[in-house]
Amino acid sequence: TGDFGILSKEKCPCGRTLPLLSLEGRPIEYIDLPGNKKVHVFELFSILYQYEAIKMFQIVQDSLHKIRVLIVPTEKWNEDLAVKIKSFFYAHLPGIKKVDVDMVPFISADPEKKRKILIKNI
Numbered sequence: 067t068g069d070f071g072i073l074s075k076e077k078c079p080c081g082r083t084l085p086l087l088s089l090e091g092r093p094i095e096y097i098d099l100p101g102n103k104k105v106h107v108f109e110l111f112s113i114l115y116q117y118e119a120i121k122m123f124q125i126v127q128d129s130l131h132k133i134r135v136l137i138v139p140t141e142k143w144n145e146d147l148a149v150k151i152k153s154f155f156y157a158h159l160p161g162i163k164k165v166d167v168d169m170v171p172f173i174s175a176d177p178e179k180k181r182k183i184l185i186k187n188i
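Using our numbering, you'd call the opening residue of the sequence shown number 67 and step up by one each time.
Be aware that one or more of the hints could be misleading.
Stated by the list, open to error - Once the Cα atoms are required to be at most 25 Å apart in a straight line, the calculated DSS-like pairs of lysine-lysine come out as:
hint, residue 1, residue 2
1, K121, K103
2, K186, K104
3, K77, K142
4, K104, K180
5, K150, K103
6, K179, K103
7, K186, K163
8, K152, K75
9, K132, K75
10, K142, K121
11, K186, K142
12, K182, K104
13, K150, K163
14, K103, K75
15, K152, K121
16, K132, K77
17, K150, K186
18, K121, K179
19, K103, K142
20, K182, K163
21, K152, K142
22, K164, K182
23, K75, K182
No lab work stands behind these hints: they were computed from the structure.
Hey, can you work out the whole structure from these sequences and the hints?
Printed below as a string of structure tokens:
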């Protein structure tokens with residue numbers, strides 16, 4: 067169905083200690099890289115979902131060589147996280163020459179009320 071799940075670090079309000087699973091329904095999306103290579107956007111989620119300082123995010127591919135990561139930060143955000151995110155993206159996206167991490171106040175949903183994780187402008 068295109069759905070995916072990620073283990074959450076949050077604790078269940080009921081007090082149980084079993085891990086929580088966060089599910090999202092999305093079509094399979096890939097970031098295009100030079101040389102006709104592709105990277106599943108899911109491979110990039112781990113760095114973004116692990117920080118409590120990130121309320122929401124969106125990845126924007128402006129060209130085969132440029133990625134923007136839009137972040138709606140929480141009060142826990144600090145600029146060291148931007149450096150970590152950039153390093154992670156450069157390491158996992160060979161051929162990408164520019165990664166920008168931009169703070170935004172909100173990320174809009176599409177007409178179906180789903181927030182797109184990846185926007186491709188190429």
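In rising order, the numbers of the hints this structure does not comply with: Hints 1, 6, 9, 11, 14, 16, 19 are the ones this structure does not satisfy, whereas the remaining hints hold.
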